[in-house]
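Working from the sequences, and respecting the hints, build out all of it.
Chains as they are written, first to last, in the working numbering: chain A, 1 to 524; chain B, 1 to 221.
Treat the hints as calculated values from the structure; they're not laboratory data.
There may be inaccurate statements among the hints.
[Unchecked claim] Calculated pairs, DSBU-like style, for lysine-lysine (alpha carbon to alpha carbon, straight line, at most 30 Å):
no.: 1; chain 1: A; residue 1: K238; chain 2: A; residue 2: K83
no.: 2; chain 1: A; residue 1: K467; chain 2: A; residue 2: K125
no.: 3; chain 1: B; residue 1: K44; chain 2: A; residue 2: K83
no.: 4; chain 1: A; residue 1: K313; chain 2: A; residue 2: K188
no.: 5; chain 1: A; residue 1: K443; chain 2: B; residue 2: K43
no.: 6; chain 1: A; residue 1: K413; chain 2: A; residue 2: K397
no.: 7; chain 1: A; residue 1: K413; chain 2: A; residue 2: K467
no.: 8; chain 1: B; residue 1: K121; chain 2: A; residue 2: K413
no.: 9; chain 1: A; residue 1: K313; chain 2: A; residue 2: K404
Bear in mind that the values here come from a model prediction, so they are computed numbers and not experimental data.
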Amino acid sequence: MPEENVDVLIVGSGHSGGMVAKILTEKGISCVMLNAGPIVDFQKDRELKPAHELPYRGFNMPGRLPHVFQANEFNANTWVDEKEVPYTFNQDQPYNWVRVRLFGGRSLFWARQSFRLSNYEFKAKDHDGFGTNWPITLSDLAPFYSRVEAIFQVSGHPDGLPQYPDGNFVIDDSPWSGSMQRFIAAGKKLNVPVCKARSAMGRDGLASSINLLLPDAFATGKLTAVPNVVVREITVDKNTGLANGANFVDRHSRREMSVKARVVVLAAGCLESTRLLLNSKLANSSGVLGHYLIDNIYGPGVVCSVPEARDGKAAPGLMGGDALIPRFRNVTTKAPNFIGGYALNVWSSDRAMPSRNFAEYGVELQKNMDSYYGSGFSMSMMGQVISRYENHVSIDKNVVDAWKIPVLHVDTKYGDNEFNMSRDAVDTGVAMAEAAGFEVLSKNYEPNPPGYSIHELGTCRMGDDPKTSVLNKWNQSHDIKNLFVVDGSSFVGTGWQNPTMTILSLSMRASEYMAEQMRQRNIG
Amino acid sequence: MAVPVTAMPIFGQNAAPPAAEKTYQSESTSSAAAPPLPETAPKKLEEPQGFGFHSPAIPSTIPDAVATTEQHYFNAERMETLRKLGDILLPPINGYPGSTQASSPEFIDFLISVSPTDRQKMYLDGLDRLNSEAHKQFRIPFSQVNAHQADALIRPWLRTWMVDHPPTEPFAHFINVAHEDIRTATMNSQLWSIAATSAGERAPGIGLYWSPIDPDIQMYV
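This is how it looks when you write it as structure tokens:
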């Protein structure tokens with residue numbers, strides 16, 4: 001039988017939960033971390049295999065993971081299967097909820113793009129005249145960004161652009177390829193900046209909670225990790241109204257258990273943390289819990305070819321490398337039909353191009369693919385989604401998961417702002433490619449369904465006013481002082497940026513505040 | 001001096017039968033003539049320490065190497081249409097197998113048979129439309145069109161497109177998605193892998209496969 005209550009209970013083991021564990025345990029605070037899935041063994045659980053040895057020749061099992069576009073037969077076993085953990089949505093408003101329950105969560109597989117939000121996002125209402133300002137600014141978070149960037153070994157180049165804040169980088173001074181230089185020159189003609197991309201290098205090929213954060217926590221001897229337990233609800237002391245632990249179920253046996261804690265931290269990912277609070281009927285005196293669901297627009301893009309690189313004639317250094325076009329719309333000028341901004345990922349490839357870029361077949365298709373080999377130049381959009389109250393999640397009382405826990409109903413869609421922004425992104429990409437002398441082969445204006453970016457955010461938004469927000473500026477529940485939510489659900493709004501660095505920095509900041517509050521005995 | 005015979009471990013049977021210090025006869029056979037003892041009985045091996053057994057390498061292959069897929073989903077007319085479409089879209093090129101050689105139509109027949117209904121309908125409608133267009137334009141089934149006629153039927157529907165965003169018009173959707181399916185089934189076949197290896201390609205079709213990880217006992221309740 002456990003001897004005493006744990007100091008802090010952390011639900012979730014990804015980037016945000018891992019950061020809480022690291023910060024708190026290094027300050028001598030004991031933590032128990034619950035995770036819904038198993039611990040992965042990178043040596044045992046994966047191997048190189050040819051596609052022809054897989055049951056479906058690489059097609060994936062038909063009907064499995066229909067809303068995980070990233071899934072294929074090689075990686076299918078890493079995603080949450082929606083038959084086991086369903087969610088519902090209106091048929092005309094599909095939502096791609098892309099989940100990982102392995103220990104370490106989605107930090108095991110993220111794309112590692114590492115950006116700071118700027119004050120164009122933190123103070124979006126001031127700038128755009130729409131939405132809500134965050135209760136913090138870039139200067140509040142900058143010291144934490146710097147520490148996180150050091151841990152994650154973020155590679156980048158300072159560009160001095162206010163919409164693309166510089167950071168504590170491992171400096172990237174690599175030369176641009178010839179094709180990139182032409183693209184940069186084309187951008188200058190159109191007043192579009194082309195910058196070095198910024199990416200977390202991590203260590204040993206991984207930039208995850210399990211190799212960059214949790215080892216430090218385990219080294220203190222203060223962290224106890226429990227995999228394969230699915231949290232059903234957060235429990236509350238009826239006398240004090242404070243959180244006092246959680247009820248959970250063993251994933252395999254279905255044994256129901258409970259744990260007591262002085263402080264509870266939710267880090268299960270935006271929508272799982274929100275679902276847990278909704279099922280627990282907690283922290284929602286504002287009525288905004290579950291609302292303002294946002295993510296990033298992914299899908300629109302352009303594929304081109306650099307003519308001088310065809311037929312094996314690319315000069316050394318012509319092809320290769322990647323770049324980023326940070327937000328440039330609605331910075332110093334105003335776009336006619338949308339607010340906010342988008343970025344474009346850009347990459348130059350010396351490899352084969354996908355066959356779908358050619359309206360050909362048979363021998364002629366092969367001739368095209370041979371000729372265009374190593375000449376690809378592509379762009380893909382990362383766009384801002386505007387926060388709207390009506391885009392929300394709620395509990396679907398008619399559907400439960402494999403552990404009889406009621407599931408989420410997701411009710412969200414993109415609007416004119418997102419579609420107009422997508423069109424502008426593609427048209428801009430085409431214009432730049434043509435100005436650079438590239439041939440445009442294919443383009444797509446249509447965003448992927450909401451959720452695809454795996455950047456769901458905003459459903460436990462922070463704010464100064466308890467009547468309009470779930471959390472205060474320290475990721476602390478307005479309603480329950482010893483309850484914190486440290487994943488992306490605290491976002492008030494987003495920009496074009498991958499949110500990981502911001503989630504990590506907010507989690508670090510919240511953890512230090514939490515530790516100080518515990519030291520002063522204000523909580524716990 | 002006689003050299004003792006040592007029992008060799010075979011597939012984990014690293015403990016040989018006990019040394020023959022007595023005859024081995026069951027009660028039911030005790031009255032029968034006992035088989036002759038080996039000249040020198042095998043010795044008992046020492047007990048393995050810990051979990052010392054290592055699985056032996058068992059050479060194996062995939063069923064496609066020794067068998068053909070039983071085609072069962074598409075009717076004969078649709079199957080002939082699909083086979084012809086595969087031959088047209090991906091014939092053998094430069095020593096690599098084409099759709100037919102890789103048994104891609106038969107694989108797709110299986111794949112679509114276990115697919116969601118919307119994908120099944122897309123294929124059924126698409127194959128029927130292709131065949132009816134051949135009848136309408138050339139008064140022959142699609143399976144009998146020549147290369148020029150096939151081009152007239154297919155080319156107007158070819159599109160360039162980006163991943164996850166195939167054409168939305170139903171027949172163009174079918175032509176372009178079927179094209180990609182035929183290419184994937186063929187390029188992910190064992191025959192293609194063999195051809196690619198022969199051509200000097202490194203690790204053709206190889207990917208990092210994740211096994212099921214500590215799967216749930218009651219998955220898919």
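How the hints compare with the structure:
1. A:K238 <-> A:K83: Judged against 30 Å, a Cα distance of about 35 Å means the pair is violated.
2. A:K467 <-> A:K125: Distance ~18 Å between A:K467 and A:K125 Cα, so the pair holds.
3. B:K44 <-> A:K83: This hinted pair is violated, its Cα atoms lying about 53 Å apart.
4. A:K313 <-> A:K188: Status holds; Cα separation ~27 Å.
5. A:K443 <-> B:K43: violated, 74 Å
6. A:K413 <-> A:K397: Holds, at about 22 Å.
7. A:K413 <-> A:K467: holds, 25 Å
8. B:K121 <-> A:K413: This hinted pair holds, its Cα atoms lying about 27 Å apart.
9. A:K313 <-> A:K404: Outside the cut-off at roughly 61 Å; violated.
The structure does not agree with the numbered hints 1, 3, 5 and 9 stated previously, though it agrees with the rest.
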